[in-house]
Amino acid sequence: MDDIEAELGISRSVGNEDFSDSSEDERVARKIRPPILLHSSTAQARAKESGFHESSRLCLKAIRDAMLHHHWQEAAQYLSAYSQTLEDTTVNKQSLACEIIWRLGTEILQHHPNSRLEDFNALYEQMKNSGVKNYAKICLEHSFHLLLNGHIYDAKRQLSVAASWRYGKQSVPQSLDLKLIHAYCGFLDYVIWHMKKSSVSEAEDNSSNREMHSYFRQASVTLQEIIAQPGVWDPFVLSYVDMLEFYNDQEEALKVLQNYAYNKDYPSNPNAHVYLYQFLKRHEAPPAKLISILKVLHHLVPSHELMQEYCYLLVNSVVPGHLEESLPVVFNLLDYPSWKNDLDTWNCLLTVMTVFKRKGLQHLIANEWKQRKDFWLTMHYRAYHGRKDSELNRELLLVKAKVAKLLGEHGIYYNKFSTEVWGPYNVEDKKRKIV
Amino acid sequence: MDEHLTEGYSEPCKQCGAVSWALSDGCQFFCRNCHNVIEKTQDVVDVSSFILNNKISSISSSSRKKTRREGGREWMVCEGFQFILKLQAEALVGLGVCPQFKTDVLWDFWKRYLQITRQAYTRSPVNSFTNTVYLSSESEPESAFLSEASDQTEPMSASGHSTDGRSSVCSGSLDAACYLSAKERKSRQLMNMPRTLALCHLALLWLREAITLADLLRLVSRRLIPYINVYEEFPEEMQFYGRDAIIFRVETIPSYRKVHGEALQMAEILQLPAFPPVTSDCLLHPALLSLRYLMEVNLPDELHSLVCRVIEKSAMGKESFLTFNPSKPKSTFLFYDLQAAALIIVTMKLLFKLDDHVEWTLSRKAVKKDDQGKKKTSKQGSKMFSLKAWYMTVHPALERARQREELFEARRPWKSKKVLIPAMKHKAVVLKRRRVVEQLQSSFHTLTGSVPEQQSSSPSSFQFLWGQEEDSDGPSLHHKRLNCMLEKRGKEKWLVNQAYWHTDLKRCHKKDCRDHYSELKHSLPRMYVWLLGLFSFLLRIFV
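Chains A and B, in that order, give the protein sequences.
Numbering follows my numbering, in which position 62 of the first sequence is assigned residue number 62; successive positions increment by one, without gaps.
Numbering follows my numbering, in which position 403 of the second sequence is assigned residue number 403; successive positions increment by one, without gaps.
It should be emphasised that the hints constitute simulated quantities derived from the structure, not laboratory data.
All residues carry an ideal CB built from backbone N, CA and C; glycine is no exception.
Treat each hint with caution, since some may be false.
[As the list claims (entries may be wrong)] Straight line, CA to CA, 30 Å or less: simulated DSS-like cross-link-like pairs of lysine-lysine: (1) K488(B) <-> K365(B); (2) K506(B) <-> K93(A); (3) K388(B) <-> K48(A); (4) K416(A) <-> K388(A); (5) K511(B) <-> K48(A); (6) K133(A) <-> K488(B); (7) K186(B) <-> K48(A); (8) K402(A) <-> K370(A); (9) K425(B) <-> K137(A); (10) K425(B) <-> K61(A); (11) K521(B) <-> K61(A); (12) K258(B) <-> K368(B); (13) K416(A) <-> K340(A); (14) K318(B) <-> K61(A); (15) K48(A) <-> K102(B); (16) K402(A) <-> K388(A).
[What the hints assert, rightly or not] Just some of the chain A residues that point at chain B, by a computed CB distance under 10 Å: (17) T89; (18) N114; (19) F246; (20) N248; (21) Q250.
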């Protein structure tokens with residue numbers, strides 16, 4: 001509840017971002033309602049509204065109904081009638097109209113069968129230049145659209161035009177938007193560099209090489225700036241590291257990744273550790289280093305897919321004490337339902353348990369099992385699972401049965417299905433508690 | 001802003017050799033470096049050639065101090081209203097009103113108005129130029145119409161009004177400033193847009209034409225009578241900008257109550273004598289008007305005789321009651337269409353009681369009686385009028401019609417191609433917005449593959465069509481009999497239903513007497529409310 005209030009509060013203040021003095025802000029604050037409540041109006045308000053406003057309210061309702069029913073042709077017709085609200089003389093309604101037409105227009109164009117890229121371009125251009133509040137957002141959306149349709153150079157051009165735009169005092173959300181624009185400029189430079197790289201590798205051409213390098217320089221400057229600020233910059237970090245690796249600048253890449261993962265100013269981000277791990281694995285770092293990274297990741301996300309690798313690393317490690325840590329890791333992994341039916345994970349558990357048995361560490365297994373017995377039996381070893389596994393995944397059934405045997409669980413109903421492991425199901429066993 | 005429009009032209013400039021063109025206000029190409037203007041003008045805007053670069057740049061070619069535009073003449077606001085009335089009269093004559101409406105009645109009313117308010121046809125006109133300056137220095141023009149945040153007026157100093165009365169910088173007409181002060185509007189009884197309709201209504205009433213006020217408003221809504229954006233048709237020499245916009249721009253079609261009130265005021269202002277009497281052969285007489293409404297709502301024709309009986313008993317058919325006489329202080333200005341509808345509703349109430357019980361009982365009896373007499377009846381089916389059958393026929397048609405109306409209202413274009421510029425400093429913004437709107441509309445039209453113009457429907461006084469045709473709203477019930485509602489007691493026929501109800505009557509002060517319906521609505525029988533809803537939809541009166 002609090003969050004919603006905060007959200008609405010933010011949107012209300014965003015709606016009020018004006019480039020004039022505060023008294024006008026207050027006046028505007030009283031008139032602008034949060035966008036969520038835009039479509040509903042009180043009966044009193046309706047009694048006093050002009051015919052023009054009534055028409056636009058009914059038109060918006062018709063557009064909404066047409067869109068919800070996926071009648072895109074109708075929706076487009078009503079939207080073209082709605083565009084007359086751009087000429088409204090009431091200030092707050094006019095600025096809302098810009099945003100409404102932008103958002104609804106792009107939605108309709110996306111679904112309409114006859115829409116072409118030129119229509120999108122035209123709509124974006126027109127809405128960008130009507131009203132200043134939404135300029136940065138529309139620019140970003142426009143360039144995303146071009147990017148997704150493969151027009152990388154156009155997208156880049158759009159963003160560079162937008163990056164140099166200024167209007168009056170810069171408000172806080174606007175500065176965020178501009179930061180994003182700057183970041184994506186760099187990202188698009190990287191994409192172009194990547195395209196050039198793959199084309200250059202065939203033909204040795206000096207000028208295109210030089211272009212490629214110039215794009216690299218541009219991209220790296222921008223991305224470095226962006227990554228230096230605290231935040232979540234996953235795609236930008238990856239692209240920067242990719243470029244650095246191509247130019248064999250390993251130290252810089254390592255520095256960037258470590259900063260991204262370990263700097264306290266940045267929000268806690270498991271992906272940072274994943275990227276660092278993958279980078280070090282690519283460059284054949286010693287296992288001890290890999291283990292230390294994955295240890296942090298294990299604390300953050302015990303159910304991560306890299307935990308299997310971590311487990312194997314621990315098992316194969318020469319450092320004493322690591323072996324004992326591997327069992328809780330794999331048990332934790334199987335505590336999560338996402339790994340319930342994963343054959344590799346169960347095989348990993350089986351391997352670890354056999355190693356432990358060989359090294360005489362059954363007491364550790366017993367400890368772990370004691371904590372988990374009750375909920376594991378219902379989560380993994382019910383009769384339903386037995387039926388499902390015997391029909392769908394015979395191998396999994398066998399592995400799970402072997403694990404159960406190692407754990408000493410003889411009497412469970414699950415074992416009925418895996419006669420190869422247990423032998424024929426005995427009548428005496430039936431007398432035991434059937435789970 | 002203009003690069004996409006000048007994109008195709010890449011000749012180097014003759015003076016400086018650069019290739020960077022932009023468009024001036026007069027749609028001529030000029031070089032951005034050296035401001036060299038060339039002959040080439042803007043081509044037809046083709047949205048499909050939209051290129052993605054857009055930088056705003058333009059120069060203004062005219063100085064702000066121009067006080068008089070070329071080719072224009074000076075005009076007063078009442079001339080504008082005169083022009084509008086002329087257009088409206090021509091439209092009405094085209095719809096079938098007799099030609100004397102335009103040439104005699106309306107014109108006489110207008111001349112009388114101008115004379116009485118001393119705007120023309122008088123020896124001491126109010127709008128003489130010395131008076132104009134005197135008045136303007138007294139009254140502050142308000143900018144209350146526009147709700148734009150900062151639309152402060154230029155100060156009305158003497159320099160704004162030169163002594164020979166040239167048009168001021170803030171309006172095309174000479175005296176638009178006078179129309180902006182509420183005090184002056186009231187004291188001088190100035191004209192406004194709803195009053196044009198009020199004047200038409202009075203003139204129609206004088207001629208006792210069949211077009212009632214509800215019909216008039218419906219014709220305005222269907223754009224058969226010019227009202228919204230009439231200023232588009234002003235002749236070229238009437239320069240139209242600035243404050244004129246506030247006077248002539250329309251953003252609402254006035255409600256019935258408003259036009260009626262204005263008509264009453266106009267009748268007082270004009271000091272009209274008694275209107276020609278409304279006799280029983282006249283189409284405004286409730287007997288004939290109710291027949292029209294009965295046909296409209298698909299009620300049987302037999303009901304009409306009952307309605308006429310009600311008219312007799314309530315003495316609402318008398319000439320003295322129906323005729324409007326502004327010179328008598330106690331004479332009421334009637335709502336003829338509302339009255340006819342009310343009579344029909346009262347008749348229905350007498351016949352069926354309409355308390356959510358009796359009418360359904362009676363319809364069941366009607367159906368039963370029908371079944372009994374089926375051997376005698378022809379193959380056409382039941383001959384008795386059953387309220388239930390009527391409701392089941394009319395209600396879906398009403399819902400469809402309401403939906404159609406709502407969608408029609410949603411698509412209504414309010415803004416015209418001829419752009420209204422309320423103040424010179426907003427001119428660029430307003431023109432740009434208009435351009436954006438037109439481009440958006442054309443691009444969406446090409447997308448949908450059609451240009452859905454507002455269909456000008458053929459003018460018809462009926463909104464529903466009952467019969468067997470393909471596009472009818474339902475089967476016609478006009479021929480049904482009402483025998484089951486009447487029973488014979490002795491020699492006379494009495495109504496089966498003998499009860500009648502009414503809501504509590506109480507005194508209320510004239511000034512506080514506003515909207516009683518919304519208070520009572522929840523306590524009224526649903527059938528009654530539905531019936532009121534039916535007639536209010538027909539007459540376009542929104543409760």
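Checked hints:
1. K488(B) <-> K365(B): holds, 16 Å
2. K506(B) <-> K93(A): Violated - the C-alpha atoms of K93(A) and K506(B) are around 43 Å apart, more than 30 Å.
3. K388(B) <-> K48(A): Violated - the C-alpha atoms of K48(A) and K388(B) are around 37 Å apart, more than 30 Å.
4. K416(A) <-> K388(A): holds, 13 Å
5. K511(B) <-> K48(A): holds, 20 Å
6. K133(A) <-> K488(B): Violated. K133(A) to K488(B) sits at ~78 Å, over the 30 Å cutoff.
7. K186(B) <-> K48(A): holds, 22 Å
8. K402(A) <-> K370(A): holds, 18 Å
9. K425(B) <-> K137(A): Answer holds: K425(B) to K137(A) is near 28 Å, not above 30 Å.
10. K425(B) <-> K61(A): Measuring from Cα to Cα gives roughly 34 Å; hence the hint is violated.
11. K521(B) <-> K61(A): Judged against 30 Å, a Cα distance of about 26 Å means the pair holds.
12. K258(B) <-> K368(B): Violated, at roughly 48 Å.
13. K416(A) <-> K340(A): Within the cut-off at roughly 20 Å; holds.
14. K318(B) <-> K61(A): violated, 48 Å
15. K48(A) <-> K102(B): violated, 34 Å
16. K402(A) <-> K388(A): holds, 17 Å
17. T89: For T89(A), the interface hint holds, since the closest Cβ of chain B sits about 6 Å away, which is under 10 Å.
18. N114: Cβ of N114(A) sits 6 Å from chain B, so the hint holds.
19. F246: Given a least distance of 31 Å, the restraint on F246(A) is violated.
20. N248: violated, 37 Å
21. Q250: violated, 39 Å
Hint violations for this structure: numbers 2, 3, 6, 10, 12, 14, 15, 19, 20 and 21, all remaining hints satisfied.
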